[in-house]
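What follows is the residue order along each chain.
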Amino acid sequence: MSKTTGEYIIAREKNIYEVVIGLEVHAQVLSNSKLFSSSPTKFGAEPNTQVSLVDAALPGMLPVINEYCIKQAVKTGIGLKAKINNRSVFDRKNYFYADLPQGYQISQYKHPIVGEGIVILDMPYGQREIGIERLHLEQDAGKSIHDVDPQSTLVDLNRSGIALMEIVSKPDLRSLDEVNAYIKKLRSIMRYLGTCDGNMQEGSLRADVNVSVKKKGTKNLGTRCEIKNVNSIKFMQMAINYEANRQVDLIEDGKKIDQETRLFDTKKNETRSMRSKEDAHDYRYFPDPDLLPLELKNDFIEKIKSEIPELPDEKKKRFIDKFNLSSYEANILVSDKETSEYFEKVIKNSDVKLSTNWITGELFALLNENDLAITQSPISAENLSKLINLIKDGIISGKIAKTVFELMASGDKDPQKIVKEKGLQQESNPKALESLIDKVITENPDKVKEYKSGKEKLFGFFVGQVMKVSDGKANPKLVNDILKKKL
Amino acid sequence: MNDIISQNLTVLIKNIKDKKISSEEVTKSFIKKAEKAKTLNCYITEDFDSAIQKAKKFDSKPNFKCKLPGIPIAVKDLFCTNGVKTTAGSKILNNFIPTYESTVTQNLWNEGGILLGKLNCDEFAMGSSNETSFFGNVQSPIDKNLVPGGSSGGSASALASNLTPITIGTDTGGSIRQPASFTGTVGLKPTYGSCSRYGIVAFASSLDQAGPMAKNVKDCALLHEVISSYDSKDSTSIDFKRNNYSELLTTNIKGKKIGIPKEYRVDGMPIEIEDLWTKGIEYIKECGATTMDISLPHTSYALPTYYIVAPAEASSNLARYDGVKYGFRSEGENLIDMYERTRSEGFGNEVKRRIMIGTYVLSSGYYDAYYLKAQKVRKLIKSDFDEAYKKVDAILTPSTPSSAFKIGEKTNDPVSMYLNDIFTVPVNLAGLPGISIPAGLDKKGYPLGLQIIGKAFDEQNLLNIAHAMEEKINFKNNIKEWWIK
Amino acid sequence: MAIDLKTVKHISKLARISLDDEKAKKLAGDLNSIFEFIEKLNKLNTDKIEPLTSIAETTLKLRSDEVKSKNIRDQILKNSPNENKDFFVVPKVVE
Ligand SMILES: [Mg+2]
Ligand SMILES: [Zn+2]
Chain S
588 MSKTTGEYII AREKNIYEVV IGLEVHAQVL SNSKLFSSSP TKFGAEPNTQ
638 VSLVDAALPG MLPVINEYCI KQAVKTGIGL KAKINNRSVF DRKNYFYADL
688 PQGYQISQYK HPIVGEGIVI LDMPYGQREI GIERLHLEQD AGKSIHDVDP
738 QSTLVDLNRS GIALMEIVSK PDLRSLDEVN AYIKKLRSIM RYLGTCDGNM
788 QEGSLRADVN VSVKKKGTKN LGTRCEIKNV NSIKFMQMAI NYEANRQVDL
838 IEDGKKIDQE TRLFDTKKNE TRSMRSKEDA HDYRYFPDPD LLPLELKNDF
888 IEKIKSEIPE LPDEKKKRFI DKFNLSSYEA NILVSDKETS EYFEKVIKNS
938 DVKLSTNWIT GELFALLNEN DLAITQSPIS AENLSKLINL IKDGIISGKI
988 AKTVFELMAS GDKDPQKIVK EKGLQQESNP KALESLIDKV ITENPDKVKE
1038 YKSGKEKLFG FFVGQVMKVS DGKANPKLVN DILKKKL
Chain D
50 MNDIISQNLT VLIKNIKDKK ISSEEVTKSF IKKAEKAKTL NCYITEDFDS
100 AIQKAKKFDS KPNFKCKLPG IPIAVKDLFC TNGVKTTAGS KILNNFIPTY
150 ESTVTQNLWN EGGILLGKLN CDEFAMGSSN ETSFFGNVQS PIDKNLVPGG
200 SSGGSASALA SNLTPITIGT DTGGSIRQPA SFTGTVGLKP TYGSCSRYGI
250 VAFASSLDQA GPMAKNVKDC ALLHEVISSY DSKDSTSIDF KRNNYSELLT
300 TNIKGKKIGI PKEYRVDGMP IEIEDLWTKG IEYIKECGAT TMDISLPHTS
350 YALPTYYIVA PAEASSNLAR YDGVKYGFRS EGENLIDMYE RTRSEGFGNE
400 VKRRIMIGTY VLSSGYYDAY YLKAQKVRKL IKSDFDEAYK KVDAILTPST
450 PSSAFKIGEK TNDPVSMYLN DIFTVPVNLA GLPGISIPAG LDKKGYPLGL
500 QIIGKAFDEQ NLLNIAHAME EKINFKNNIK EWWIK
Chain E
300 MAIDLKTVKH ISKLARISLD DEKAKKLAGD LNSIFEFIEK LNKLNTDKIE
350 PLTSIAETTL KLRSDEVKSK NIRDQILKNS PNENKDFFVV PKVVE
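For the record, the sequence lines run as chains S, D and E. End of the first sequence sits at 1074 in our numbering; the numbers just go up one at a time, nothing left out. End of the second sequence sits at 534 in our numbering; the numbers just go up one at a time, nothing left out. End of the third sequence sits at 394 in our numbering; the numbers just go up one at a time, nothing left out.
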């Protein structure tokens, strides 16, 4: 096993506790239509406008499964290096809730479509392998809106029936950072595969968080509590924090922890028992008699395997091996599929080292500042590549390049054009440089004296002056050479 | 007019095609008859005005290529019908008007059929006497004190009393065959997957099948060929080659081997049933087929298995009736209170009883002991039939262990009520086709039926055997129209 | 095995059907006679038997990922017990 120096430890007077976390991530499958009906899945539609007779569970309506959703689940399973099961069964999970129109959720219980797999996390203290217990397909519920009408709850079934992949991890996560890294990695894998857009604001990725604590060094896990439906990494971390400390408090007070389902109140920053689910624990699972077992032939699975794109782990390895990137750099560049594609476009015609620096430096800063995704970047990969070539060819200096970059950002102009129009080419004519240098030397006789008497640090001062009088356009390498001779 | 309503389907179609009578005349005749038969309580919803309009429309531009040209048909109120109230015999759906049509009824209308209205049935098809309907019990045309059987009791009664020339029912544990047997009519439960379940209010999904009910085997065959279709909207619908059953119908069953299962000779079965069965065996031989004793060793486990599987599925299927989206709602202090009141007031006693059984057998700690066990026994029951069909082409049994019982006779004893389905339930558990044909009268003059059970998808053979026997039996129903004052 | 009143009440809670004591007692009686009849299955040894998973002799048919249904909100809400034109409405749920 990998080392776990990132453990989340809660120390009390006498005891030290470790926090153990497992996640059940619900990822909305990217598909045009729902899992068992042909209604659209688009986000943000008017309430109840994407609801079919099946989604609203009208009498006599029956589920018919979407083949694409099955493929998406298999793809994701392959991305998690997991076992794909040739036979899986859809069960009914029975419970009553306002946004669950059938009175049951069609899910997979004993026989999921995907079995055990792993997710690798790159932590500062090394790699961590997080076990995946299973991935199963199920229907999403509708949405209950509690805060519009003071007397009642409103129900919107647009989401009802959209396919979800529930990805259940083993209780292998040991810290808030690992939770963060795990969610990001899952998201990244699914985005590479095109199986889930990972958009947490729109609820495409939500998680039930299982938290337990145990005394450090002991083997047996403590009683766990499940915190339902947390929809951001920040809230997951806050919920885990609160919950772990609550459990430790109970143990320290000699009290028992009840295995229960809890809710995270984002306003109060606390978890509390979900009373409405109290007696709903008995889900009375049984195979859905409206559906048959799902049998997947090996060639079906193999065909999907052959269509799997390069995934972040492999891409990272290739970037390190082929481009000589550091693990850190490769990580940043592959974590997001679009970023890696951008990077590969830039380096097609440009220097790798410079490209890496410019993308992870200037470009990321620009995107961050303006809260933009790489796909919304005002600077195209082609133009960044041109800019880098201008530097590499000595046409502009790195410093001028920053000015050009800013100009590009405000209008995405061709850097070559900017340089030409603004006359920003580097001055590399030795004669012209010599006259500039002569001017600086004559204007600073005192400094020349000091330099000659041994204060060599002043060399930088002369370079700076030359750059200043050249408006930054002087070729710094030539300036250096000539200055050395003249002084 | 009385002449029209007593014509069987085949004759009606011929007369309509020959333009001897119009669809409007036929439709009005059945409606007129129904107006005089309110006492029977066959209808939950009448759609008569609309039926007459449709008949007129048919007559103005008749399409005689249709298989049911301008034929008025009343159907069990378990089929969703677009724009016409569909209740499943329950208060909880008292005000429900579907905006869609079940595949089976759509098939009827596609072939020129005209909806007369919706027929009474046991609530959510749970019952064997049509006494659990929220809309009151149905009386048998045979005798006013008798139940018509159930759950398709309204269908059987309406058919036997000439309120509709043919009808359709659903059969989860005998709900077509038992009422057919009680009313002297023909009822077929097709192979599971033959008729689409789309748009039929679900009772127990792995057992439910829609099927035809008619006055004779030929009508039944024609109706079956209309309603049976592959439907991509039902994942359990099966895409097999369906026949034109009525065209291929023959009485020639020479050389067929018919199995007689000894386990169907149950304790306390009236001697009249015993005799009927023996007579049935003779008829079979007279038709040139042979009979053979066979064993279906797990028969006695069928009912207990059924009373786990069916309620379990029902408890889940009926969870959607919660007062949120449609149907009856009883206001409550909060959501849970609303659910509990709605379901307590909206469902009748038998439905609640079965939901409770189903919830219990699926609940944590009991699943393996009951539901899983039942699914294993179900496998054994199916294997019994598979074994038998290595030797025989079909199986002959009585349809029911007794003739029709009295209204109220079994309402306080659920188990004795359940025992009435003892011969029909194994067929549903095994997903096989079964037909009940009228075969005689007991000494009280009540009809008795014989059941023929076929191989999966072998409806043609089943209908042929039934047709051949029908000819020999030459059954005459004894209905005195006591309800007409 | 006897089903007691407490069990009946628990099951009615799970099934979301309210029962007064009298009804619960009556139901307990019915359920006991039904289960007595069901217990017959225990006489059969089924240890080596695979449970039946589906009676339909076919494989699960798969649908292609096409959007076919339109906005039918009017139809969806037509039979709802409340009058809201956009939503289903239920008593306020407090988590
Ligand atoms: Mg969960
Ligand atoms: Zn889930």
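Among the clues, some could well be false.
What the hints assert, rightly or not - Computed spacing ranges between beta-carbons, pair by pair:
hint: 1; chain 1: E; residue 1: Asn344; chain 2: D; residue 2: Glu458; range: 34 to 44 Å
hint: 2; chain 1: S; residue 1: Phe887; chain 2: E; residue 2: Asp385; range: 38 to 48 Å
hint: 3; chain 1: S; residue 1: Lys697; chain 2: D; residue 2: Arg314; range: 35 to 45 Å
hint: 4; chain 1: S; residue 1: Lys842; chain 2: E; residue 2: Glu321; range: 35 to 45 Å
hint: 5; chain 1: E; residue 1: Lys391; chain 2: S; residue 2: Lys855; range: 18 to 28 Å
hint: 6; chain 1: E; residue 1: Ile348; chain 2: S; residue 2: Asn856; range: 50 to 60 Å
hint: 7; chain 1: D; residue 1: Arg314; chain 2: S; residue 2: Glu889; range: 31 to 41 Å
hint: 8; chain 1: E; residue 1: Asp320; chain 2: D; residue 2: Asn144; range: 48 to 58 Å
hint: 9; chain 1: S; residue 1: Lys986; chain 2: E; residue 2: Asp385; range: 53 to 63 Å
hint: 10; chain 1: S; residue 1: Gly631; chain 2: D; residue 2: Asp462; range: 54 to 64 Å
hint: 11; chain 1: E; residue 1: Asn341; chain 2: D; residue 2: Asp462; range: 19 to 29 Å
hint: 12; chain 1: S; residue 1: Lys884; chain 2: E; residue 2: Asn344; range: 51 to 61 Å
Bear in mind the hints are in silico, worked out from the structure with no lab data behind them. All C-beta atoms in this analysis are idealised placements derived from N, C-alpha and C, irrespective of residue type, glycine included.
- Item | Violations among the numbered hints, reported as their numbers in ascending order | 7, 8, 12
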